[in-house]
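> Take these sequences, add in the hints, and give me the full structure.
Number of protein chains: 2
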Amino acid sequence: MPRPTGHGPGYEARRREIIRIAAELFSRNGYAATGVAELCQATDLAKGALYHYIGSKQALLAEIHGAVMTPLLAAAERISKLPIAPELRLRLLSQMLLEVIEHRLDYIRVVEHEIDRLAGENRKRMLHERRRFEDMVTELHAEAIRDGTFRELDPRLCMLQFFNMHNYTFQWLRPGRWSSAQLAEQYCTTLFRGHAVDSNRFASLEEQLGTFRASYTGESLSGLGDFEEVATAS
Amino acid sequence: MPRPTGHGPGYEARRREIIRIAAELFSRNGYAATGVAELCQATDLAKGALYHYIGSKQALLAEIHGAVMTPLLAAAERISKLPIAPELRLRLLSQMLLEVIEHRLDYIRVVEHEIDRLAGENRKRMLHERRRFEDMVTELHAEAIRDGTFRELDPRLCMLQFFNMHNYTFQWLRPGRWSSAQLAEQYCTTLFRGHAVDSNRFASLEEQLGTFRASYTGESLSGLGDFEEVATAS
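Just so you know, the sequences run in chain order A and B. Heads up: the first sequence runs through residues 1 to 234, numbered per the numbering used here. Heads up: the second sequence runs through residues 1 to 234, numbered per the numbering used here.
Just to be clear, a hint being listed does not mean it is correct.
Here are the simulated SDA-like cross-link-like pairs (lysine to any residue), alpha carbons at most 20 Å apart as the crow flies [as the list claims (entries may be wrong)]: (1) B:Lys57 with A:Ala33; (2) A:Lys57 with B:Lys57; (3) A:Lys57 with B:Thr34; (4) B:Lys47 with B:Arg14; (5) B:Lys124 with A:Gln171.
Taking CB as the label site, the calculated pair distances span [as the list claims (entries may be wrong)]: (6) A:Ala181 with B:Lys124: 53 to 59 Å; (7) B:Ser179 with A:Gly35: 25 to 31 Å; (8) B:Glu219 with A:Asn29: 38 to 44 Å; (9) B:Ile84 with A:Glu17: 53 to 59 Å; (10) A:Arg177 with B:Asn29: 30 to 36 Å.
Take a look, some chain A residues computed to stay more than 12 Å from chain B by CB distance [as the list claims (entries may be wrong)]: (11) Arg14; (12) Arg28; (13) Ala32; (14) Ala59; (15) Leu73; (16) Glu102; (17) Glu112; (18) Arg193; (19) Val197; (20) Leu209; (21) Ser215.
Bear in mind the hints are in silico, worked out from the structure with no lab data behind them. Just so you know, even glycine gets a beta-carbon here, dropped at the ideal spot from N, CA and C.
Next comes the structure, spelled out in structure tokens:
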């Protein structure tokens with residue numbers, strides 16, 4: 001059977017490369033300041049060819065958001081359903097989120113800085129995806145409050161503190177100084193002791209996590225594998 | 001004596017108004033996408049007149065940064081020297097910072113999103129001011145570690161957690177839901193219990209703060225009064 005026009009074997013790889021180059025340009029110079037001409041030059045494509053792969057500059061911005069959110073949400077769904085204590089699931093979410101921030105800084109910068117440039121359906125989908133992620137984290141905090149691990153706090157305010165702590169990391173994180181694993185350990189120790197009924201309860205959090213990791217045989221808990229999958233998926 | 005040309009009594013008020021309008025435009029549409037023509041239209045000034053007040057679009061961006069950082073630093077200097085426990089000084093800094101974020105959202109959005117658009121001397125000064133603020137917060141954490149209130153942590157990583165928690169707030173804060181005072185209480189309770197040697201130590205933090213506020217007769221501890229002063233200063 002003939003392939004659909006223009007969707008040859010290299011189509012998705014080329015598309016993924018265009019998204020990566022756009023993330024780099026938008027991250028460095030801003031979305032508004034990056035012209036289609038500049039995108040054409042950086043990708044070595046004529047305008048018509050660029051549109052063939054991507055559709056529009058706006059669609060490109062939506063793709064960058066999706067390239068972060070789709071694997072993040074997939075990994076978060078897996079983690080939030082694991083049969084372990086809510087604080088351990090939050091600890092795994094923390095590390096997964098920080099891994100994505102650490103390894104996809106360009107994408108994250110665009111997602112954080114250019115969110116208001118998304119419009120219409122793209123904006124609606126983006127807000128929906130963020131809300132889903134927020135709801136998962138809120139629910140894990142509610143669970144830890146119900147089971148008496150955390151104090152009687154507003155689970156939404158716990159969720160906002162969780163994302164404050166993690167999401168701002170992209171503003172200062174530079175490769176080499178602190179790893180995502182070290183930051184996840186520090187952030188979660190602060191947050192969980194901060195929320196805990198009894199702060200000594202979390203003295204063994206990292207040990208519990210190690211025991212779980214050693215016994216776990218399920219799918220990857222990192223968002224990075226999926227990041228590549230999503231970026232290459234047709 | 002004649003006034004210097006163009007620096008009549010309305011000069012500084014007009015200048016302040018131009019900075020405010022620019023912050024609003026840059027916040028909504030981005031720095032790169034906001035043209036000088038648009039600034040002229042929004043301020044009802046011809047290009048020559050705009051340059052007379054401000055100099056350049058780049059200078060305008062530097063003014064917006066300064067309008068946030070100058071009063072913030074002044075208030076932070078006052079607070080960090082108060083003769084009270086380091087955690088109480090951090091608690092006051094927290095509230096002051098959140099007040100500025102709450103009341104100057106447009107300016108803060110520009111400062112956070114367009115930081116990489118600053119260049120040369122402006123960039124150098126901006127980095128220097130941020131570093132001074134960071135150093136004050138690092139030193140307060142080091143003090144709380146030295147006096148045995150906080151655990152043996154890396155004071156720089158404590159500082160980064162403090163700013164993560166506070167600075168990301170602008171991304172979701174909308175007027176009416178949570179006040180800066182409520183957020184400061186929640187953030188500091190989480191962070192300090194998180195860092196504490198003994199988390200019960202902070203059960204009376206808000207009470208201690210109330211006692212201090214009732215007895216305090218010094219200069220304002222908010223950055224907002226100074227904000228207006230700086231914006232109107234010649």
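> Each hint: holds or not?
Hint-by-hint comparison with the structure:
For the hint linking Lys57 (chain B) to Ala33 (chain A), the alpha-carbon distance of about 15 Å falls within 20 Å, and the restraint holds. This hinted pair does not check out: Lys57 (chain A) and Lys57 (chain B) have alpha carbons roughly 26 Å apart, beyond 20 Å. This hinted pair checks out: Lys57 (chain A) and Thr34 (chain B) have alpha carbons roughly 18 Å apart, not beyond 20 Å. In summary, the hint linking Lys47 (chain B) to Arg14 (chain B) is supported, as the alpha carbons are separated by about 15 Å, within the 20 Å threshold.
Only pairs whose Cα atoms come within 20 Å are accepted, and Lys124 (chain B) paired with Gln171 (chain A) is accepted, the gap being roughly 17 Å. Distance hint for Ala181 (chain A) and Lys124 (chain B): a CB-CB separation of about 34 Å, inconsistent with the stated range 53 to 59 Å. In this structure the supplied range 25 to 31 Å is violated for Ser179 (chain B) paired with Gly35 (chain A), their Cβ-Cβ distance being about 43 Å. Checked against the hint of 38 to 44 Å, the C-beta distance between Glu219 (chain B) and Asn29 (chain A) comes to roughly 42 Å, which is consistent with it.
Separated by about 57 Å at the C-beta atoms, Ile84 (chain B) and Glu17 (chain A) satisfy the suggested range of 53 to 59 Å. Range check, Arg177 (chain A) to Asn29 (chain B): Cβ separation about 34 Å, and the 30 to 36 Å hint holds. Every C-beta of chain B lies more than 12 Å from that of Arg14 (chain A), the closest at about 27 Å, which supports listing it as non-interface. Here Arg28 (chain A) does not stay apart from chain B, with its beta-carbon only about 8 Å from theirs, under the 12 Å limit.
Residue placement check: Ala32 (chain A) does not keep its beta carbon more than 12 Å from all beta carbons of chain B (closest about 3 Å). The beta carbon of Ala59 (chain A) sits about 18 Å from the closest Cβ of chain B, which is more than 12 Å, so the claim that it is off the interface holds. With a least beta-carbon separation of about 19 Å from chain B, Leu73 (chain A) lies farther than 12 Å from that chain, consistent with its non-interface assignment. Distance check for Glu102 (chain A) against chain B: the nearest CB is about 14 Å away, which clears 12 Å, and the non-interface claim stands.
Here Glu112 (chain A) does not stay apart from chain B, with its beta-carbon only about 7 Å from theirs, under the 12 Å limit. Some Cβ of chain B comes within 12 Å of the Cβ of Arg193 (chain A); the nearest lies about 5 Å off, and the non-interface call is violated. At roughly 10 Å, the least C-beta separation between Val197 (chain A) and chain B is not larger than 12 Å, which violates its mark as non-interface. Every CB of chain B lies more than 12 Å from the CB of Leu209 (chain A), the least distance being 17 Å, so the non-interface label holds.
At roughly 28 Å, the least C-beta separation between Ser215 (chain A) and chain B is larger than 12 Å, which holds for a residue marked as non-interface.
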